[in-house]
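Asks: Let the hints inform the model, and build the full structure from the sequences given.
This note's numbering puts the first residue of the sequence shown at 5, with every later residue one more than the last.
Hints are computed from structural coordinates only; laboratory data are not their basis. Accuracy of the hints is not assured; some may be wrong.
Stated by the list, open to error - Pairs of lysine to any residue residues, derived as SDA-like cross-links and limited to a Cα-Cα distance of at most 20 angstroms, are as follows:
#1 K79 - K245
#2 K77 - I288
#3 K96 - L392
#4 K77 - N400
#5 K245 - P78
#6 K96 - Y308
#7 K405 - P285
#8 K77 - I404
#9 K79 - R399
#10 K34 - S315
#11 K245 - N400
#12 K34 - L247
#13 K79 - D100
#14 K77 - V401
#15 K34 - K405
#16 K77 - I257
#17 K77 - Y402
#18 K79 - I404
#19 K79 - I391
#20 K405 - K96
#21 K77 - F89
#22 K79 - F97
Please read all numbers here as calculations on a predicted model, not as lab measurements.
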Amino acid sequence: MEFYAFAAGIGATLLYWSTVEWIEYFNILKNDQMEDENIMMYSRSYPLFHWGFTAWAIYCLPVVAFGLALSLKPKSKLTFSGILFFENKIIKFLLDVLFIGAIICGAGVGLGLSFPLISSVISEILNINRSITLDLTTILICSAIFATSAYIGVQNGIKRLSNINMVLVISFLAIILVIGPTTYIIENSINTMSFFFSRYIDMSLTTGTNISIDWTVFYWAWWYALAPMVGTFLVNISNNKTLREIILGTIFIGSFGCIFSMLILSNLSISLFENNTLDSPSIIANNLMSREQLVVETISQVPYGEIMLISFALIIVIFLCTTYDSTAYVLASASMKSSDITSSKSLRLLFSLLLVVQPTLLMFLNGVDSFKWIMVIFSIPLLFINILLMYSVLRNVYSIKKS
Numbered sequence: 005m006e007f008y009a010f011a012a013g014i015g016a017t018l019l020y021w022s023t024v025e026w027i028e029y030f031n032i033l034k035n036d037q038m039e040d041e042n043i044m045m046y047s048r049s050y051p052l053f054h055w056g057f058t059a060w061a062i063y064c065l066p067v068v069a070f071g072l073a074l075s076l077k078p079k080s081k082l083t084f085s086g087i088l089f090f091e092n093k094i095i096k097f098l099l100d101v102l103f104i105g106a107i108i109c110g111a112g113v114g115l116g117l118s119f120p121l122i123s124s125v126i127s128e129i130l131n132i133n134r135s136i137t138l139d140l141t142t143i144l145i146c147s148a149i150f151a152t153s154a155y156i157g158v159q160n161g162i163k164r165l166s167n168i169n170m171v172l173v174i175s176f177l178a179i180i181l182v183i184g185p186t187t188y189i190i191e192n193s194i195n196t197m198s199f200f201f202s203r204y205i206d207m208s209l210t211t212g213t214n215i216s217i218d219w220t221v222f223y224w225a226w227w228y229a230l231a232p233m234v235g236t237f238l239v240n241i242s243n244n245k246t247l248r249e250i251i252l253g254t255i256f257i258g259s260f261g262c263i264f265s266m267l268i269l270s271n272l273s274i275s276l277f278e279n280n281t282l283d284s285p286s287i288i289a290n291n292l293m294s295r296e297q298l299v300v301e302t303i304s305q306v307p308y309g310e311i312m313l314i315s316f317a318l319i320i321v322i323f324l325c326t327t328y329d330s331t332a333y334v335l336a337s338a339s340m341k342s343s344d345i346t347s348s349k350s351l352r353l354l355f356s357l358l359l360v361v362q363p364t365l366l367m368f369l370n371g372v373d374s375f376k377w378i379m380v381i382f383s384i385p386l387l388f389i390n391i392l393l394m395y396s397v398l399r400n401v402y403s404i405k406k407s
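Replies: Quick look at the structure:
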């Protein structure tokens with residue numbers, strides 16, 4: 005079940021940032037004139053930090069809050085207004101707006117990155133220039149796929165696609181490990197994990213650095229924005245699992261899944277940089293390629309590059325579809341009066357089509373970086389919502405113990 009959390013929000017974005025995120029930190033630390041021997045280790049470790057245990061722990065609070073609310077009131081509406089203790093209609097309306105806004109905002113960043121990545125892969129495979137026509141064609145084809153899956157329904161659509169894609173992505177990463185610089189990846193993965201765990205507390209408490217200001221704040225805001233969707237989705241498909249099973253599975257399977265992807269693809273990219281095949285930091289620093297073009301160029305450097313690119317494109321498309329499906333499912337469910345009312349197919353289809361608008365605008369306006377900070381601002385109220393969710397958890401636990 006924890007595999008569906010990838011499908012529910014971060015799958016395609018994970019593969020994207022696994023390849024290029026280290027470059028951002030490398031360039032920042034280089035400009036900060038850090039000692040050379042530490043630059044690469046921190047560049048390798050910060051992606052693990054941002055996608056690891058803290059991130060997945062943030063997901064768990066809504067899971068616990070929604071799960072406990074349902075155990076006491078099985079017909080509770082799985083939104084902030086449905087489980088928090090407010091009767092005022094205006095407050096409940098504002099809570100629902102914040103809930104829906106957080107989902108759209110959080111999903112929009114990942115989805116806004118996925119379309120240009122798919123277009124770049126198609127451009128490379130077909131040896132054609134990326135154009136507005138290609139971008140629009142990509143959007144239309146993907147929209148048709150995920151609209152169909154959303155119409156089929158969460159169990160038949162998302163579950164089937166997620167199961168297929170988990171096999172594909174694990175196989176893809178394993179093949180890169182085998183046909184790529186195997187020894188280099190394994191040795192540096194071990195060293196990176198050791199460095200990461202030894203610096204974990206330090207990275208968690210560090211403030212005021214360029215990385216923490218530019219990236220850690222963004223990532224924590226993003227996880228907070230995605231948490232309501234992922235929490236609601238996991239509760240809906242939990243299949244009678246205990247909260248302990250959901251929490252442990254989410255934190256450990258989710259974290260190590262992200263770490264595995266980061267270690268494989270980051271070290272592949274770094275190996276190309278260190279043997280002077282692909283100077284990724286200079287390419288990004290001098291705007292010689294877009295990030296998505298650099299991802300494509302990195303994957304194409306491995307043996308059987310074209311086959312690997314086709315596989316990569318297929319994985320990205322399926323991840324994109326499952327993200328839209330799960331987002332549309334949660335939004336449609338939030339529109340119901342209670343959680344035991346199944347959302348209609350037409351409502352899921354409507355939300356899946358409406359969700360195309362925002363990433364399309366981001367794609368053509370090239371506004372992902374600006375949108376990051378809009379999301380940071382939007383996530384500030386979610387900090388207070390999380391305090392209320394903690395209160396809800398404590399109150400419901402007390403009620404369960406009392407009964």
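Asks: State for each hint whether it applies.
Replies: Now the hints, each set against the structure:
The suggested pairing of K79 with K245 holds, with an alpha-carbon distance near 18 angstroms, which does not exceed 20 angstroms. At roughly 52 angstroms between alpha-carbon atoms, K77 and I288 are farther apart than 20 angstroms, so this suggested pair is violated. Of the pairs offered as hints, the one joining K96 and L392 holds, with about 13 angstroms between alpha carbons and a cut-off of 20 angstroms not exceeded. About 10 angstroms separates the Cα atoms of K77 and N400, which keeps this hinted pair within 20 angstroms; it holds.
A hinted pair counts as satisfied when its Cα atoms are at most 20 angstroms apart, and K245 with P78 qualifies at roughly 15 angstroms. At most 20 angstroms may separate the alpha-carbon atoms for a hinted pair to count; K96 and Y308 exceed this at roughly 55 angstroms. Taken as a hint, the K405 and P285 pair is broken in the structure, with Cα atoms around 55 angstroms apart against an allowance of 20 angstroms. For the hint linking K77 to I404, the alpha-carbon distance of about 11 angstroms falls within 20 angstroms, and the restraint holds.
Taking the CA atoms of K79 and R399, the gap is near 18 angstroms; set against the 20 angstroms cutoff, the hint holds. Of the pairs offered as hints, the one joining K34 and S315 is violated, with about 34 angstroms between alpha carbons and a cut-off of 20 angstroms exceeded. For the hint linking K245 to N400, the alpha-carbon distance of about 18 angstroms falls within 20 angstroms, and the restraint holds. For the hint linking K34 to L247, the alpha-carbon distance of about 44 angstroms lies beyond 20 angstroms, and the restraint is violated.
Restraint check for K79 and D100: the C-alpha separation of about 17 angstroms stays at or below 20 angstroms, so the hint holds. Between K77 and V401 the CA atoms are separated by roughly 13 angstroms; this keeps the pair inside 20 angstroms, and the hint holds. Pair hint K34 plus K405 does not hold up; C-alpha atoms about 54 angstroms apart against a cutoff of 20 angstroms. Restraint check: the Cα-Cα separation between K77 and I257 comes to about 29 angstroms, which exceeds 20 angstroms; the hinted pair is violated.
The straight-line distance between the Cα atoms of K77 and Y402 is roughly 15 angstroms, inside the 20 angstroms bound, and the hint therefore holds. The suggested pairing of K79 with I404 holds, with an alpha-carbon distance near 17 angstroms, which does not exceed 20 angstroms. Under the criterion of a C-alpha separation no larger than 20 angstroms, the hint pairing K79 with I391 is inconsistent with the structure, at around 23 angstroms. Among the hinted pairs, K405 with K96 is inconsistent with the structure: their alpha-carbon atoms are about 28 angstroms apart, more than 20 angstroms.
At roughly 13 angstroms between alpha-carbon atoms, K77 and F89 fall within 20 angstroms of each other, so this suggested pair holds. Taking the CA atoms of K79 and F97, the gap is about 19 angstroms. The hint holds against a cut of 20 angstroms.
Hint violations for this structure: numbers 2, 6, 7, 10, 12, 15, 16, 19, 20, all remaining hints satisfied.
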